[in-house]
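K.L.:
Heads up: the sequence lines are chains Z and X, in that order. The numbering used here applies: residue 112 is where the first sequence begins, and numbers increase by one. The numbering used here applies: residue 112 is where the second sequence begins, and numbers increase by one.
Possibly wrong hints are sitting among the right ones.
No copy is singled out in the list; a pair is fine if it fits within one copy or between any two copies.
Said to hold, decoys possible - In silico DMTMM-like cross-links for lysine to aspartate or glutamate, where the CA-CA straight-line distance does not exceed 25 Å:
id, residue 1, residue 2
1, Lys209, Glu187
2, Lys183, Asp168
3, Lys126, Glu291
4, Lys126, Asp168
5, Lys143, Asp256
6, Lys183, Asp256
7, Lys183, Glu288
8, Lys213, Glu145
9, Lys183, Glu251
Worth flagging that the hints you see were computed from the coordinates, not collected in a lab.
In case you want the letters, here they are:
Protein chains: 2
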Amino acid sequence: MSDQTGVSVQQIVEKVWLSIAERRLRPGVQLKEEQMAAIFNVSRARIRQALALLQRDGLVGIIPNRGAFVCKPSVEEARDVFFVRRTVERCVVERLCKGVSKADIKRLRDHVAKERIANTQDITTDIIKLSGGFHLLLAETVGSDFLFATMRDLISRSSLITAVYRNTNRFNCGPDEHAEIVEAIVNNDADRATHLMAHHLEHVESELDLTEIRDLSHDLRAALA
Amino acid sequence: MSDQTGVSVQQIVEKVWLSIAERRLRPGVQLKEEQMAAIFNVSRARIRQALALLQRDGLVGIIPNRGAFVCKPSVEEARDVFFVRRTVERCVVERLCKGVSKADIKRLRDHVAKERIANTQDITTDIIKLSGGFHLLLAETVGSDFLFATMRDLISRSSLITAVYRNTNRFNCGPDEHAEIVEAIVNNDADRATHLMAHHLEHVESELDLTEIRDLSHDLRAALA
DNA sequence: GATTGCAGAATTGTCGACAATATGGAATGA
DNA sequence: TCATTCCATATTGTCGACAATTCTGCAATC
Chain Z
112 MSDQTGVSVQ QIVEKVWLSI AERRLRPGVQ LKEEQMAAIF NVSRARIRQA LALLQRDGLV
172 GIIPNRGAFV CKPSVEEARD VFFVRRTVER CVVERLCKGV SKADIKRLRD HVAKERIANT
232 QDITTDIIKL SGGFHLLLAE TVGSDFLFAT MRDLISRSSL ITAVYRNTNR FNCGPDEHAE
292 IVEAIVNNDA DRATHLMAHH LEHVESELDL TEIRDLSHDL RAALA
Chain X
112 MSDQTGVSVQ QIVEKVWLSI AERRLRPGVQ LKEEQMAAIF NVSRARIRQA LALLQRDGLV
172 GIIPNRGAFV CKPSVEEARD VFFVRRTVER CVVERLCKGV SKADIKRLRD HVAKERIANT
232 QDITTDIIKL SGGFHLLLAE TVGSDFLFAT MRDLISRSSL ITAVYRNTNR FNCGPDEHAE
292 IVEAIVNNDA DRATHLMAHH LEHVESELDL TEIRDLSHDL RAALA
């Protein structure tokens, strides 16, 4: 299970993020510091640092003197996230269509190839990491720190939303649509690229069940109060 | 000078943010932990927490084993911030035009009134805080945690950009344009409100000199005092 | 004269311990 | 039986100290 040596803050963040995305950690669950310190075999100080980062990403909420809890995004917030995401990703794609280096093209194509492998082998962990990572890689390729930070925030929140409201068992952010977008960018076809991206995001959002609010609270105390 | 009792993390963040916005802290300056701990009369642990939050807001960058430095946003990043801001603020205004409570209206009008007072009395500190606070209040009124967090991020970065690239001595985000926006929202006039907001943001961006970059300061204590 | 190597100093990273605060349940009284 | 008060427990908040890393100044060398 846990390594004998300590893990870095970033590793803790990624582990928690993945656990949330894979629905092993449900909204409302408290992330107790000492418990996590024991699991990751590090001191509480490092856990606190990781929790602060997770709060930045919108995955957990920290209540003073109470602790850190996995967020439960509302339906409206989910729609807001996708609304902003459509705009930001359009901005990213437009910038990329103005020209990318050969090295960037290779990196993008390699990433899609990795996604294909993960999909054929059906490795859930890799599929989740890579499908979000594709959109992050697009933003990184632009070279703007702000767009990258914004996209990371959006991807984190999208992962949480997907984990909560996904109504299919399959992860839809598949490599085929990603591959098409990459090729449109390579051809500097801004119209086609932005259209494909918009369609892709609509596709992702359409497979969410944003009408029904699920009963996620296992807070017995609140129910009996 | 510094108080005998310690200050909260949020107070430290606000103080640093204000110092950056007022150009007492220039991009590139290192924020040394021990020095700041002495200035604010708290332990380094709390300073580190504040620095992590400032990193989240995009105001400082933290390099491992090197320290925290005030960010210097590039011209391109400045344009990206305003691009995204136009979209998000449009979303906020549209949502507000669907109806706001009487209490919300009062809060918005009161805020504009405070801005007027600060402007007539020419209190720079209040002007900066309140002009950013107006846009933050709009997002808060919508009631979406995500939009609020996004707007806070955008406002922080905009403050830094304004501090770096402002070419006039006056703070242009004046209360008159804000007041017009509020009244359009009160009248549920979405077309006019979004138009006014777009014009307002164009106005703010137009007064920036996005060609030149300035140098940095070195006296941390004087800037924060 | 420019470059490299090496201490010493300065700064950040990490940890364990203690204080402050909230929670949950038992005891008490109406 | 229900509401209230109080206390034991668990959890978070804060701090000071030490370890690891990086920067700086100086001298030696090519």
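K.L.:
State for each hint whether it applies.
P.N.:
Hint by hint, here is what the structure shows:
1. In the homo-oligomer, the alpha carbons of Lys209 and Glu187 lie at most 25 Å apart only across protomers (14 Å), although the nearest pairing inside one protomer, at 34 Å, exceeds that limit.
2. Proximity of Lys183 and Asp168 under a CA criterion of 25 Å is satisfied in both settings, with 13 Å inside one chain copy and 22 Å between copies.
3. Taking CA atoms no more than 25 Å apart as the test, Lys126 paired with Glu291 passes in neither setting, with 30 Å inside one copy and 48 Å between copies.
4. Taking identical chains as interchangeable, the C-alpha atoms of Lys126 and Asp168 lie at most 25 Å apart whether they share a chain (14 Å) or sit on different chains (23 Å).
5. In this assembly of identical chains, Lys143 and Asp256 lie within 25 Å of each other by CA distance solely across copies; the values are 23 Å between and 32 Å within a copy.
6. Taking the closest pair of Cα atoms, Lys183 and Asp256 come within 25 Å of each other only across two copies (11 Å); inside a single copy the shortest separation is 28 Å, beyond that limit.
7. In this homomeric assembly, Lys183 and Glu288 never come within 25 Å of each other (Cα to Cα): the closest approach is 29 Å inside a single copy and 36 Å across copies.
8. Within a single copy, Lys213 and Glu145 get their C-alpha atoms no closer than 48 Å, and across copies no closer than 45 Å, so neither meets the 25 Å cut-off.
9. Taking CA atoms no more than 25 Å apart as the test, Lys183 paired with Glu251 passes between copies only; the shortest distance there is 18 Å, against 28 Å inside one copy.
In this structure, the earlier hints numbered 3, 7 and 8 are contradicted, and the remaining ones agree with it.
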